[in-house]
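Undergrad: Here's the letter readout for the chains.
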Amino acid sequence: MKKLTLLFILLFMKTALAHDMVPTYPELRLSYMSNVLVADLELLNKRNDIEYYEISVFDETWNPVPFVTSYKIIKLEYLERIKFNVYIRSSDKNRATYICSKSRTRGNPNPSAVISSMICSKFKKDE
Amino acid sequence: MYKKLFLSIIFSLGTVGAFAVDVPISGNVQSRCIITTDTPGVYGNPNAYTLTTATADGGVLPVVRYDVTLADAYYAEITTPTAFSDSPSLSDTVTWTGSTEVQSLSDATGMGSYETNKVTFGQTTQYDLTASGSTWFKSTSTATYGGSKAFPGGTYTANIEAICVAK
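Chain order of the listed sequences is G and C.
With this note's numbering applied, the first sequence corresponds to residues 1 to 127, in that order.
With this note's numbering applied, the second sequence corresponds to residues 1001 to 1167, in that order.
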């Protein structure tokens, strides 16, 4: 019985380490500033080995596109969810293609292959 | 007299009970791609000049799971390391090899072609996630120190990059 209880505890102790960002296709809408567009995104940290995520915006060929957000590197505790806005110049509207969040890893005391995760959403384009 | 009182109490209780039944539950379902670190990798050290995640050499293969809720909307790209992110000072070159393959699938029919249709360029392997569900990918990574010299003592960390890109 004790072994069975221990097995159950071990099974339920195994935590999922996930990185999640939505929406997959964010929409750029007018912001309160002229010539600046904004997109709304949400990031969820279910990785207990990660505390920081870096936000980036790229064009179709993965060149960086200038953008502004509250924090380019977001501190996110385990199981914390954050809504954030990304501001882009109207002139970059057709250029900006991907918005990505990438986990930032820290040094590890064991010889290890750390998995860094990156999720890239794609801006909705006008038809 | 008592009968009327009894009935009025019963009805009033019933009325109070009716107020407590409607509990709305709301939710928002969105298409998404979730990257989950199923098994973090560990480098084994079978000899002085090699670090490898191969199980036979005392390592642990890193396993990444991709969960997608929308079919044909994402690419999975996994890149094995080409440099250490943390290591002692190294005076010689390090040669890197690595590969990624599908470990298991939640939908063997819809995802059966993932492994045969994968595209590899350099250390990166790209999969077209044409079906919704979960896919587990395992990677191997090996670092060999130049001229079969011994790696200096210390801790070594390398990053495997798992990317999910919307199509």
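I should point out that these hints are in silico values taken from the structure, not numbers from a laboratory.
All figures in this text were calculated on a predicted structure; none of them were measured in a lab.
Errors might be hidden in some of the hints.
Said to hold, decoys possible - Straight-line C-alpha distance at most 20 angstroms; calculated SDA-like pairs for lysine to any residue: (1) C:K1167 with G:V68; (2) G:K124 with C:S1085; (3) C:K1167 with G:R104; (4) C:K1167 with G:D40; (5) G:K102 with C:A1056; (6) G:K46 with C:D1038; (7) G:K125 with C:S1132; (8) G:K102 with C:T1157; (9) G:K102 with C:S1085; (10) G:K102 with C:T1082; (11) C:K1167 with G:K46; (12) G:K122 with C:T1144; (13) G:K102 with C:G1154; (14) G:K122 with C:T1039; (15) G:K124 with C:A1071; (16) G:K83 with C:Q1123; (17) G:K124 with G:V68; (18) G:K124 with C:L1070; (19) C:K1167 with G:Y98; (20) G:K122 with C:T1130; (21) G:K46 with C:T1039; (22) C:K1167 with G:L41; (23) G:K122 with C:S1085; (24) G:K122 with C:A1071; (25) G:K125 with C:E1161; (26) G:K93 with C:L1070.
Undergrad: Starting from K102 (chain G), check that the Cα of T1082 (chain C) is at most 20 angstroms away, please.
TA: Measuring from Cα to Cα gives roughly 18 angstroms; hence the hint holds.
Undergrad: Would you check the hint for K124 (chain G) and A1071 (chain C), treating anything up to 20 angstroms between C-alpha atoms as holding?
TA: With a Cα-Cα distance of about 18 angstroms, the restraint between K124 (chain G) and A1071 (chain C) holds, given a limit of 20 angstroms.
Undergrad: Is K102 (chain G) within 20 angstroms of S1085 (chain C), Cα to Cα?
TA: Holds, because 15 angstroms separates the two Cα atoms, which is no more than 20 angstroms.
Undergrad: Please work out if K46 (chain G) and T1039 (chain C) have their alpha carbons no farther apart than 20 angstroms.
TA: Cα-Cα ~14 angstroms, so holds.
Undergrad: Hey, K125 (chain G) versus E1161 (chain C), does the alpha-carbon distance stay inside 20 angstroms?
TA: Violated, because 28 angstroms separates the two Cα atoms, which is more than 20 angstroms.
Undergrad: Regarding the pair K124 (chain G) and S1085 (chain C), is the alpha-carbon distance no greater than 20 angstroms?
TA: 35 angstroms, violated
Undergrad: Hey, K93 (chain G) versus L1070 (chain C), does the alpha-carbon distance stay inside 20 angstroms?
TA: 25 angstroms, violated
Undergrad: Quick one, are K1167 (chain C) and Y98 (chain G) close enough, alpha carbons at most 20 angstroms?
TA: 10 angstroms, holds
Undergrad: Quick one, are K1167 (chain C) and R104 (chain G) close enough, alpha carbons at most 20 angstroms?
TA: Judged against 20 angstroms, a Cα distance of about 24 angstroms means the pair is violated.
Undergrad: Taken at face value, is the distance from the CA of V68 (chain G) to the CA of K124 (chain G) at most 20 angstroms?
TA: Holds - the C-alpha atoms of V68 (chain G) and K124 (chain G) are around 19 angstroms apart, at most 20 angstroms.
Undergrad: Are the Cα atoms of K122 (chain G) and S1085 (chain C) separated by 20 angstroms or less?
TA: 29 angstroms, violated
Undergrad: Hinted pair, alpha-carbon criterion (20 angstroms max): K102 (chain G), T1157 (chain C). Please report holds or violated.
TA: Since the Cα atoms of K102 (chain G) and T1157 (chain C) sit roughly 18 angstroms apart, the hinted pair holds (cutoff 20 angstroms).
Hint check: violations occur at hints 1, 2, 3, 5, 7, 11, 12, 13, 14, 16, 23, 25, 26; the rest are consistent with the structure.
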